[in-house]
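Visitor: Below, each chain spelled out in residue letters.
Number of protein chains: 2
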Amino acid sequence: MEKWIYKIDNLELNNSDNLLNETIFHNANGYLGIRGCFEEGYPKGYETIRGTYINGIYNISEMKQAEQLYGFINEKQTIVNVADTQGIQLLIGDERFHLFEGSIINYSRSLDMKNGYTIREIIWKSPKGKIVQIRIKRMASFVEKNLFTVEYEVKSINFKGLLTWISTHIGKVQNYSNQEDPRVAKGAVKHLEPKKVVTEGDASYIISETTTSGLKVCSAVRNICSDKKNSTVWREKTGIFEKIEIDIQKEETVSLKKYTVLTDSLRETDCLSNAEVIMNRVTRAGLTEMYRLQKIYLDDFWNRAVLEIDGNEELNLAIKYNLFQLLQSVGKDEYCSVAAKGLSGEGYEGHYFWDAEIYIFPFFVLTYPHIARNLLEYRYRILDQAKENAKILGHTKGALYPWRTIAGKECSGYFLSGSAQYHINSDIAYAVIQYYLATKDLDLIVHKGLEILLETARLWVDTGHYYQDQFHIMSVTGPDEYTCMVNDNYFTNVSAKYHLKWAARLYRVLKETGKIDKLIRKIDLTENEILEFEQASEKMYLPYSEELGINPQDTDFLSKPVWDFKKTPKENYPLLLHYHPLYLNRFQVCKQADTVLAYFLYEDMQSREVMRTSFEYYEKITTHDSSLSTCIFSIVASKLGLLEKAVEYMGDSIYLDLHNTHKNTKDGIHTANMGGIYMAIVYGLAGLGIKEDGIYLSPLLPKTWNGYKFKIVYEGYELEIEVNEVCRLTCKEEVNIPVYLYGERYSLNNNLVLEKKNEI
Amino acid sequence: MEKWIYKIDNLELNNSDNLLNETIFHNANGYLGIRGCFEEGYPKGYETIRGTYINGIYNISEMKQAEQLYGFINEKQTIVNVADTQGIQLLIGDERFHLFEGSIINYSRSLDMKNGYTIREIIWKSPKGKIVQIRIKRMASFVEKNLFTVEYEVKSINFKGLLTWISTHIGKVQNYSNQEDPRVAKGAVKHLEPKKVVTEGDASYIISETTTSGLKVCSAVRNICSDKKNSTVWREKTGIFEKIEIDIQKEETVSLKKYTVLTDSLRETDCLSNAEVIMNRVTRAGLTEMYRLQKIYLDDFWNRAVLEIDGNEELNLAIKYNLFQLLQSVGKDEYCSVAAKGLSGEGYEGHYFWDAEIYIFPFFVLTYPHIARNLLEYRYRILDQAKENAKILGHTKGALYPWRTIAGKECSGYFLSGSAQYHINSDIAYAVIQYYLATKDLDLIVHKGLEILLETARLWVDTGHYYQDQFHIMSVTGPDEYTCMVNDNYFTNVSAKYHLKWAARLYRVLKETGKIDKLIRKIDLTENEILEFEQASEKMYLPYSEELGINPQDTDFLSKPVWDFKKTPKENYPLLLHYHPLYLNRFQVCKQADTVLAYFLYEDMQSREVMRTSFEYYEKITTHDSSLSTCIFSIVASKLGLLEKAVEYMGDSIYLDLHNTHKNTKDGIHTANMGGIYMAIVYGLAGLGIKEDGIYLSPLLPKTWNGYKFKIVYEGYELEIEVNEVCRLTCKEEVNIPVYLYGERYSLNNNLVLEKKNEI
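Sequence lines, in order, name chains Y and P.
At the far end of the first sequence sits residue 830, using the numbering used here, and the numbering has no gaps.
At the far end of the second sequence sits residue 830, using the numbering used here, and the numbering has no gaps.
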């Protein structure tokens, strides 16, 4: 096994494998994403989700409510499938290359994570007996974010003659529609209309407009083939076609370089001229240079994003795959975030959820803090819309972030497991605070972060109320969507407690400096509100059962009967696909970590004893029907010193997409799970915590591992943490960082080697 | 003011008045309903809801869910607007009669409730100066349920010459669509397609089919005009037209009799031949005979449905109007029930709700028990679908009636204030039990009623569970829709307690007789289940607050803050139109009677002291945003001896439709409120209760009334109850009925005069 290359060499030409590999081998860079479809297409009857997406580019469609009550959402944003520039037909003489005909002598497909491209290699014998070796390299450039390239090499093995490529640039595309899924309307999938076609030299440009959201996208294509004999360009209704003919000798290799540049009006007013500039720049630089820059970018990435298990190469490759996908998925400017499926498919319509802050942000804040910063800037950008959203929900003050969105408006069609998840506010606040703790970057806090913290904190005060001298939050939904609209959800309350405390604390610290006077005026904040924050935080009611010694998920949770797991047949999981939400709501049964997640994020707010008793309690009633669950159980198991359980919960979720364990990777990768796996090792096994007084570690080492190491960036310093017989912390620079190992304080200057315990 | 005629003589030709009067003067008989539209139509730009409906005849349309979760409903039934046979154009010479031209010398519109028809009378002067007196009498026959007639009389005041009627029979119709209401889709309103047109002699028949539900409707029209000069019949795409010319002398009166017969395939397989038979029968009998039969029917009705206030004729007329509407609205066979809007409009899509059993059934069970029986037979007819519905909601046993339906399938698009209202089960059970108590008709109980009781009782056992030795029902919605999906809703629990007790009791009584052996086998009932019913009933948890001495609406209700009524501007009522349901859910605020309704229906299950304290508590937090609320508060006020409050709560809700106080009578009458007013007097002021051991009465007399009287049928005997200085009970037959007056036992043999208290 190669360390940096994820490779498959079996070729199963069925829908399931085709669709899966379109996701697995998609190319993306955080700005654009292209599914790994075959350039030559599939024969009729085969399914494909032939998608190209730009992060943040959406269309709006009607979302009818079966019954319209006040404030119910009536339109939603959907990520738009933009122009299809993947298409390249190859003709060998008069025979068209196709995997479904002729015979395949050799086949492989790989993702090279050091170089940042995918490769498909085929040795193919045509029906008439011509043998070609084809090598197709695809790249979404991390350096030129608008650029996607296809390098299409053909080598003749046993013939000489004419080769023809037909390279297509299709403007008329639509989103994926599964006829069997009643939720995907036929009419709703056409989101983009080509408006203008421009050809300039050998480059073609299509300017398209979204049908309702008023956005423009320009797609540009340039085909470069040095030895071509003839080239013909023609237009059809659907797009632009270029036929390139070339003579090939036996054993000769020829190649076509296809450059795609995508630009959009969300980021640049004139997306056509922007595309022209970029196209000229990148083609002038050439593909070799682009590959070189890609490698430099990735060298830097892998140098920071170190996470290695000593002695388990399969695991390491899967971890690398996951981290690489996070890099491919994450937005790198303020116009976007990271979608549940990254840029690899249309699942969840390309929406951003709390996953971004709670599952994915932690990886970036520890490795690429500037990307973490972008994620927060995106949230700041939509703060005004969050304030509007709060109004719709009845609030007179504050902001409520949308449960799911692209451009900032709530797109959740079912508020019970959507808008009612008020914890999105404290999740975003948590990310702001984590960012501050890991970077001490006050600049972001002063200009954006604190405003987010304060406006979202206001919402808690407006939502909750005092009853019997405690602060209660009624009628919200916690992370676990099997019980909705509950009172005093432990997770929500504890997260609000933390959020309110930090909002007040950062306010008080910064107020002194005079740096936030402008902000205070802008949002009309009074000192009294800060007192309200502090009081609500202090008086926050946290459900606790004396009898069981656990934190109930909500006030009434324990008075419900426990779900009858014995009587539930295997095929009835995930439960949400087999039971009405009203029925599920009547039981103690959890889709995912809820109280247990609170123990990870807010570990200092509950005793280990209660955490342990609760953990055992929730273990028995959690189905992990969500892919966001087991990683959290793993982390908390680690925190409780339950090493075997921690490893068990990690289980094969590290291979969730590679092995398609949830059977829906065709719709896109599971980015939250990928981030969750990172956390399960770094926050879980290593016990990392970034707190006010320094770095915390409580490393555990699974029996089957020799050791592991990872790197983090803390206050700008790169630290390497290695766990094997000992626990070694290294920093190349001379620093003075407080480190708490298993709770004991040390100081890291340059190198710190400490004893590792086997149990905690 | 005439005692039996509701009349208006002002004519305001605006949309608001036109639409209102279409409802107020609609003709219906429980089978068919025709809105009171002008025969001659309205000019362009005026709005009309030109509707003709058949009770139980529905179409199915798609109901998309914004987010589709398991078990969410995806189609709904809608009452169908069938062929329009109201149309009659009148030409005087070459001038077309129209209220919007010429001048109106005299105008009135009336509903004659003794004779059972509506009359519109106009003296009109045409632009050219011809004066006609027009008298249009419309009747929906109670005796021939398929028959609707229009008698169109014209008298010439000052001219002689040609009169022309054009009588139309339009098959191409559609349901009402308000373009401003986003909930009414344009595409969804066409529910019926004319398929076949037949003319036979001077009668025309149109057979139409619903587009999706597979039902057929036949509409037949016959125009009879004895003195006609000429008659021409022609067809256009939309229907059949008949032009009838007649010569008229000065001061002569001529008339056209238009018979409409409607039949349907739900009730008769061959609806065409059925229509032919009926048309022949009714035209042979003639209109005079039909009027005579109508009067006989209504004489009987008014003889039974006595409810008179001594000394307030305005009130009496309004009461009569309400009772007449109930008779017009109620279904009289097993294929239908009584819709929220009766047969007077398309509001709530013609659905049947719990109103039928809790608000309207009580009037019929006391006056026309055979109609009450029909309502129960309808519920029996859809029992299998209720069992299917229970399965969708996750239950393995029992039946859950749909919250809203026509043919039996759940049509609620938003389960929180729909399917989650499990109390529909105990509401229907309550009606079965009331029917039994008032009639002792064991035949219905043995063959249908008990099966309903048992299957619905099973659902409670499957829904609830034991916790701390009490039986709890979690995650249901009570009648008050401002707090949804709550735990241990007092109303639901107390109603289930009563329901379970009665299901077991009637089972035990009938088991002895051997009459239900077949039923027991059919539904596979075990003795153990009956024990479960009894135990659950006995152990039912009923929320009670020691501190306040009240029954909280649900477990968590009192821990929520009270809604800030002071800060709520008037224009923000009804709250549901101005606040998100999630926001409302967070407060102590009630849309309608909930716990208070339980005190009326289940008065023996709580002490008067707690009822009184609770009543005062809920008074302060109930907005009465539902038209089902104040009548219940009035009843309970009476029960608590709060006479002034009782009168105050009745207020002007007796005029709700006549005065259009809710501003939406255009969409149809409020049948539940009409039944509620009846109850407010009979069950409230008179304190009537039909219980196991006899009749209960605790009459109160409002200061402004001299007295009141009403009649009820009890065990087949007609009793008259009169309240003035004394309380007098009369039965024409010799009986022996136990009567409890203010709790004291008496025996009614033939005549019983008892002292009336002024306070209780």
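It is worth saying that the hints were derived from the structure and are not from the lab.
Check before you lean on any hint, since a few could be wrong.
Put simply, identical chains are the same to the list, so a pair is met inside one copy or across any two.
[Said to hold, decoys possible] Result set (DSSO-like, lysine-lysine): computed pairs, CA atoms no more than 30 Å apart in a straight line:
{"hint": "1", "residue 1": "K200", "residue 2": "K313"}
{"hint": "2", "residue 1": "K690", "residue 2": "K467"}
{"hint": "3", "residue 1": "K733", "residue 2": "K134"}
{"hint": "4", "residue 1": "K195", "residue 2": "K518"}
{"hint": "5", "residue 1": "K826", "residue 2": "K402"}
{"hint": "6", "residue 1": "K636", "residue 2": "K230"}
{"hint": "7", "residue 1": "K592", "residue 2": "K781"}
{"hint": "8", "residue 1": "K457", "residue 2": "K640"}
Visitor: When the structure is checked against the list of hints, which entries are broken? Sort them ascending.
Guide: Hints 4, 5, 6 and 7 contradicted; others consistent.
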